[in-house]
Each structure stands twice: as structure tokens, then as C-alpha cells.
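K.L.:
Next come the chains, spelled out residue by residue.
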Amino acid sequence: MSDTNGAAGTATHPLEHVVIPVTGMTCAACQSRVQRTLRRVPGVADASVNLLLGNAAVSFDPDTTTVERLVDAVRDTGYGAELPVTARSAIEEQEALDLTQETEFVELRRKAIVSGVIGAVAMILSMPLMTAVGTSMGSAHAAAPADPFMRWVMESVTPSLRAVAPWLYAIPAAGLTYALLAATIVVMVWAGRSFYARAWAAFRHHAADMNTLIAVGTGAAFVYSLIATVAPGLFTSRGVAPDVYYEAVMIIVALVLTGHTFEARAKRRTSSALRSLAKLQPKTARIVRGNDAREIDVPVDDVRRGDVVLVRPGERIPVDGEIVSGRSAVDESMVTGESLPVEKGPGERVIGGTLNTAGAFRYRATTLGADSVLAQIVKLMREAQGSRAPMQQLADRVSGVFVPVVISLAIATFVVWFVTAHATGASAGAATVRAFAAGVAVMIIACPCAMGLAVPTAVMVATGKGAELGVLIKGGQALQRAGDVDTVVLDKTGTITEGRPIVTDVSIVPGAGVDHDTLIAAVASVERSSEHALADAIVRYATDRGIATRAAERFTSAAGGGVRGEVDGRAVIVGNESFLLAHLAGVGAEIDAVRGDAERLAESGKTPVYVSLDGRLAGLIAVADPIKATSRAAIERLRRMGLDVVMLSGDHPHTANAVARDAGVAHVVAGVLPDGKVAEVRRLQDDGRVVAMVGDGVNDAPALAQADVGIAIGTGTDVAVEAADVALMRGDLAGVADAIRLSRRTTRTMKENLFWAFIYNVIGIPVAAGVLYPAFGILLSPILASAAMAFSSVSVVSNSLRLRRFRPA
Amino acid sequence: MDTLDWVVIAGGVAAIAWVNWYFLLRAGDDHHHV
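In order, the protein sequence lines correspond to chains A and B. All letters in the first sequence, in the order written, are residues 9 to 817 by our numbering. All letters in the second sequence, in the order written, are residues 489 to 522 by our numbering.
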């Protein structure tokens, strides 16, 4: 971008963002290559390629480049790219991706099966050929065929083959060789074309990836065989058997394709949770429209904000909205993970994609399309599933230099084998043959696919599993960090407690000359103008008892103190002790008289609120925020997991301690102001702890952001809490334990995967190079190497898929 | 060790040098983006 701004002499252009679907990427090396290419296109500010979602997110300057040019740049690297379809919701994008993945899988499978069958037939056809070569060249070439795997197969199969199909041995060797050549060309061009095309495209960009290894390995074997076929004299005149490796080329291509087929299937399965979320969206909605209030079925896309939607028993709710009439229990498990249906009545929100059970109701559509809760969850999950975990960097760094190093090792293997074989008396020809097989085996076994898949597949499966449990983890970074958490800080209000205080006690000061209803009416009238949670509790208390409130005059409020105003000419002051003392001279003695009551209330976790009417203390109202029914068990679970649980509260220590006692929290930090929460989290971090902060995401957003992992506890509808790394769809704390347990499991899976991917190469490469040969005579055939390579990718992906069986305790 | 061995060794060293030059050095800073 920097090289384009100056010329026009204008200010910086606004960047445009585009997501381009990219097909054909199979490993981390492919991904980094497409990314590098895009970043080099003039006018591109940034590009981030996502291997598993198969797309590239690009920020570019529209004056300098176009989307078409970006697509061309990707195609130029040998991968497929399409112009993005604009204005699609996350759900539609997911459906499109599913279709692409399905097509890719079906095509891979067909190619793998066909080339596998051709390869197997070719192997049988090569039997007489090897025997023929072996005998024609005499006992001096007993080493032929050099490929030990082929030799083993040949020795075990030849006798029966001779008995079953003696005519095979009657076919002239040249005829068989040319038939094999033709079959190999078919397999390479039709089934293996993508390897060669991509390897070539990579080569032009000075890059090398797994395609390079396969292309160079099979290409070398093919060229060698081709020369042996068309000019066998070149070999025989030097005393070398003109061996061909056609069957090896075909079977390697078939096995690598088989590996890719399994991978493609596994990749589809890693995103199955996302797919089932996307499928929740019904296609049509029954709405009431027009002057005659007709009921009509319309596609969900045609539903407009404000439309009244009808839902009958057993139907899926088509869009988000608010119930207008009717009642029902709604099964929201697919979105919130809550297994029991939730009772809903007029005024309450319903979420599109959830399942209505027995009742029928009408509701007004609110958020639609890309803004709907379901679309937002799917979008968030797609972003999370493609995000990179920090552990990925290790794999990325290695795979960046891996391929050139492996090619170097393969060349070194060839040289060492040649020289040692030659020096120990083998002919130059025999030495070449043996050295050649070892070099090819090194290249084939060292494909870095497993390394590229180790971390991303675990992230995908884990985030999908989280979504099923109502735990939205916003990416690999959060996932890995949450696994390291040792301290969980819980906000009190709205997290441990319901966050909706209720009035528990009302007491009148003897001799105040008011009754219960008068006191409440006066207090509620003043509090009506306040937005404080305590005020809300008092107003609701009044409303529930049918106590009428009036408009208050000269209303003033002090944050964290109280409110005052005039109702029907009476001066009303409501607030805590210091607020009353500050605004009312001489009330101290009256407060002292009820202090015992107030302290008793505070010790049982209630907040005492003093009320004065016309300058005299008139009453004491106790307000408490009840603890959620699920909090205690959830906190116990966190402690059993070895986590240190800390509760933060802005309340008086008496109140906070009482709540902590009831909830089972040992460490309490009370009297914390909203901005004090950040300091408290930082203090814990300075002690070397990895802190997860759990809050409602509204007034504790800074603390969520400060914490290593911010967990927003939700109500099922606010998905996109920006500051949070993890959003819980349910309001109960059990999700915190689920999130941390899932993250721990996932981190372990990622480590296992990386270990297996690395150990496989650490063991495989030396064995293929022949280090075991001097002592044990073990040499890895290129065919076995390709089978092992396919197996390693499949085992890593399968290990990630085990996370799908994760059960929260 | 005869001449052929030395030719193969020299060829191998040259090939390794070329592979690393072509893929690592000429690709330059790109690999730091990986």
C-alpha cells in the first residue's frame, strides 16, 4: 500500500475488505504461500489466509487493485479462487463452503479409488517384468528389484500368480513396460495433476511445499523409468538392469490421494457442529400481513422487521423476535446448551433457530439476516475456527524451511548410498538403483501435512464442541490461554447472583408516623427516576403490590450514595448511611438506633437502604440480590479443578462476605469500584497468575479485557461482547468450568498432535534414509513411505476428532 | 573411491547448494512471514 499512496498525491484511501474463497489448499505451507502471494500484490494492505475455511481475507486499496486481480493472483499460484458473492450471511457462506468441501471430497475419493485400482493392477503386471529382468540379467543382479517392498511382494505373490495367470509371463517384457508407461501417464495427468501443477506454481515463486516433495519424488521415479523404457540400451550397456518404477509412482499418487480423501472427510467432520448450527435456520416463516391479516408463508429472507410471525407447536422459530401473544416452552439447547425448555410469554425474546415445544404464539420479528443471533454465532464460530493458536507458530516456522531441508537430505541420502554401495563392491548401476530408492523414500515420507493439521483441526473441533455446550470461544488464542488459567475472578452482581435485586425486608422506625404502603409509595416515587439496580428493585416491589407512585420533584442522585426528591411536598431522602449523614444534619442518633438491625441485614448479604421523610429517619428497606441456583455447584466444580476462585464486589464487606459464604467462595475482595476491578485483575496477574475474569460484559468490560481470558456470562442473546474471549450463552457459571476444561483438553490434544507430527518425521526420515540398513537390513520402500505419510495425517486429524466426544463433568 | 564417486559427491553438494539458494535465499524475507 505504501508504494501507491504517494503517486496520486491524495490522502490515504479507505481500504476495502474482501473474503475470497480459495480451493485446493491442503497444508500450512499452501496457506502461507497464498498469503505471501496476496501480500505482494500492489495495493494490498494485509491478507490472511484461512486453510480450513478455505478463504482469504484481504484488505486492499480499491484505487490500486481490484478483487479480480486478487483472484488472478491466487489462481496464478496454482490454487483455485472465485470472485466472492457479496452480501451473504454467515449461514449462507457456511452452506456454500459445505458444498465446495463435499465436491472436493467426492472428487478426491474417485481419483484415489481409480488410481489405487490401476496401481494394484500395475503391480501385478510388473511381477513378470521383474522376474524377467532378474533372470535375463543373471545372478549378478540378484538385488533387482531394488525396492525391498516390491521384492517382498514379488517373492510372496509370484508362485501363485504363475499358477493362476501363466499367460502373463508370455507377454513380451517391452509390451508390458509400455502398457505400464501409458497407465502411469494417465494416473499422473488425471489424478495427480494437482500435485504437479501446484508444485510448479510454487517453484516459480521460489516456494516449496508438500506438493513439491511428491512431484519431485514421483517425477524422478517416472523419468528414470521412462529412460529405462525407451532406451534400455543405456542401462544394459553399463551392466545395469533397466528397472521401471511405474507401479511405485501410481501407488504413491493413489496413497497420497487416499490420505487427502480421509483428510477432506475429517475436515468436514471438524466443522460438523458449525454445519448443524447453520442448518437450524428454517427456510420459511408464517407471517400475518396486509389489511386483512392473512396468514402467509414467506421465505425467511422476506420477513421484515416488525412482521408478526406465527409459531405452531413443534415448529422451529424462524427469526429472532419478541412474543406478542401466547405462551410456550422453547427448547433453546441448540443455541444456549440449556437442556430444559424455557418458559416464554408476552414481552420475552425468542431466538431464531430454536424449537418451540407444545404451545403456540405470535411474535414480532426484531433482528434479521446477518444481525440475527444465529447468524452472529455462526459468524463468530467461523472466525474462531479459522483463527490461529499461538502453538501454531512452531509448526509454521518449521514447515517454512522444512521442504528445502528435506530435498537436501534426500540428495545427501542419494550421495551417501551411492558412494558406500559403490565402495563396498556394488556396480555403479546397482549403487544408483539403491541410492535412488532411498532418496525418493526420504522425500515421500517427509511431507509436512500432519504438522500443518495438528493445531488447526484441534481448534476447529474444540470451538465447535464449545458451541454445542453454549460456550462460544472466540479463537485459538483464547482457547490456548484458557487452558492455562489458574485463577478465576467472578464478579458478584449478575454473575454469581441473579443481578436483579429484590426487596426482602421493610421495617418502619417506631414513631415515624407512616405505614408500610405510604413509605413504599414515597420511596418508589423518588426511585422511579433513578436507574440504579436497587431503585429498580424497590419500584418493582411497589408495582407488584399495586402501590401507586407519583412524579417526584427536584430529583437528584449521587452515584454510589442515594437519591433525594420531593413527593407531594414531602422531602424524601433514600440512600446509604453516609449519604444520609451528608444530607441530613442530626440524623446520626436516629441511625444509631437502628444500626443493629442494619448490621444484621448486611451480615446476611442484604443491602440496607435508609429512608428519611421530612428530615426524620422513617424506615429501613433491605434489598438483596439472590444467588443463582446453579452458582454454588459451579463454583465447587471450579475449585475441584484446582482453580483459585476470587469474588469481586462493589458491596460493603459484610454483604459481600455473606454472599461469598453462601456461594462457597473463599477469597473475597469487597468495596471495589468499577475501575478498581481492572486494578484487582492486574494485581493478581502481577503475582504471576493466569486470570480468567467472569462478568456480564456490560460494566466490567475493561476488567474482561485486562484479564488473560475474559468470559462474558450471557443471557442467550448478546453474543458479540467485544471485550470477551469467551461468551457463555447461558447465564449460569457451569459454562466457565466447561470452557476451562475444554480448553485444557484441547491444549493437550494440540501438544499430542504436534508431538506425533514431529516424531513421525524425526523417526521416518532417518529410516527412509537407511540408517537402520547397516545393522538390520531395514530399508523403507517409497510405497511404504507414502502409506506412512497418509497415515500420519489421518492419525493427527482423528486425534483432534476425539475432542468431539468431550463431556463436561 | 573412484572418479565417479567424486563426481556424484560434487553433483550432490552442488544440488543441495542450489536447492537452498533457490528456495531459501532467493525467497528472502518471505519466510519470516510464515
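Any given hint could turn out to be false.
What the hints assert, rightly or not - In silico contact screen, one side only, chain B against chain A (beta carbon under 8 Å); selected entries: (1) T491; (2) L492; (3) D493; (4) V495; (5) V496; (6) I497; (7) G500; (8) A503; (9) I504; (10) V507; (11) Y510; (12) F511; (13) L512.
Claimed, not checked - Label-pair ranges, simulated between beta-carbon atoms: (14) N508(B) to S347(A): 55 to 65 Å; (15) R812(A) to A502(B): 43 to 53 Å; (16) N508(B) to F766(A): 17 to 27 Å; (17) P816(A) to W506(B): 50 to 60 Å; (18) R83(A) to N508(B): 37 to 47 Å; (19) N508(B) to P816(A): 23 to 33 Å; (20) G88(A) to N508(B): 25 to 35 Å; (21) R212(A) to A502(B): 20 to 30 Å; (22) A104(A) to N508(B): 21 to 31 Å; (23) L492(B) to R276(A): 44 to 54 Å; (24) W175(A) to L492(B): 40 to 50 Å; (25) W175(A) to A502(B): 46 to 56 Å; (26) L513(B) to R170(A): 53 to 63 Å; (27) A502(B) to I771(A): 40 to 50 Å.
I should point out that these hints are in silico values taken from the structure, not numbers from a laboratory. Every residue gets a Cβ at the ideal spot worked out from N, C-alpha and C, and that includes glycine.
K.L.:
Determine for every hint whether it applies to the structure shown.
P.N.:
Quick rundown of the hints versus the structure:
{"no.": "1", "hint": "T491", "in the structure": "violated (11 Å)"}
{"no.": "2", "hint": "L492", "in the structure": "holds (6 Å)"}
{"no.": "3", "hint": "D493", "in the structure": "holds (5 Å)"}
{"no.": "4", "hint": "V495", "in the structure": "violated (10 Å)"}
{"no.": "5", "hint": "V496", "in the structure": "holds (5 Å)"}
{"no.": "6", "hint": "I497", "in the structure": "holds (6 Å)"}
{"no.": "7", "hint": "G500", "in the structure": "holds (4 Å)"}
{"no.": "8", "hint": "A503", "in the structure": "holds (5 Å)"}
{"no.": "9", "hint": "I504", "in the structure": "holds (4 Å)"}
{"no.": "10", "hint": "V507", "in the structure": "holds (5 Å)"}
{"no.": "11", "hint": "Y510", "in the structure": "holds (6 Å)"}
{"no.": "12", "hint": "F511", "in the structure": "holds (4 Å)"}
{"no.": "13", "hint": "L512", "in the structure": "holds (5 Å)"}
{"no.": "14", "hint": "N508(B) to S347(A): 55 to 65 Å", "in the structure": "holds (58 Å)"}
{"no.": "15", "hint": "R812(A) to A502(B): 43 to 53 Å", "in the structure": "holds (50 Å)"}
{"no.": "16", "hint": "N508(B) to F766(A): 17 to 27 Å", "in the structure": "holds (22 Å)"}
{"no.": "17", "hint": "P816(A) to W506(B): 50 to 60 Å", "in the structure": "holds (55 Å)"}
{"no.": "18", "hint": "R83(A) to N508(B): 37 to 47 Å", "in the structure": "violated (29 Å)"}
{"no.": "19", "hint": "N508(B) to P816(A): 23 to 33 Å", "in the structure": "violated (50 Å)"}
{"no.": "20", "hint": "G88(A) to N508(B): 25 to 35 Å", "in the structure": "holds (31 Å)"}
{"no.": "21", "hint": "R212(A) to A502(B): 20 to 30 Å", "in the structure": "holds (22 Å)"}
{"no.": "22", "hint": "A104(A) to N508(B): 21 to 31 Å", "in the structure": "violated (41 Å)"}
{"no.": "23", "hint": "L492(B) to R276(A): 44 to 54 Å", "in the structure": "holds (52 Å)"}
{"no.": "24", "hint": "W175(A) to L492(B): 40 to 50 Å", "in the structure": "holds (42 Å)"}
{"no.": "25", "hint": "W175(A) to A502(B): 46 to 56 Å", "in the structure": "holds (49 Å)"}
{"no.": "26", "hint": "L513(B) to R170(A): 53 to 63 Å", "in the structure": "holds (55 Å)"}
{"no.": "27", "hint": "A502(B) to I771(A): 40 to 50 Å", "in the structure": "violated (30 Å)"}
The structure fails to meet hints 1, 4, 18, 19, 22 and 27 from the earlier list, while all remaining hints are met.
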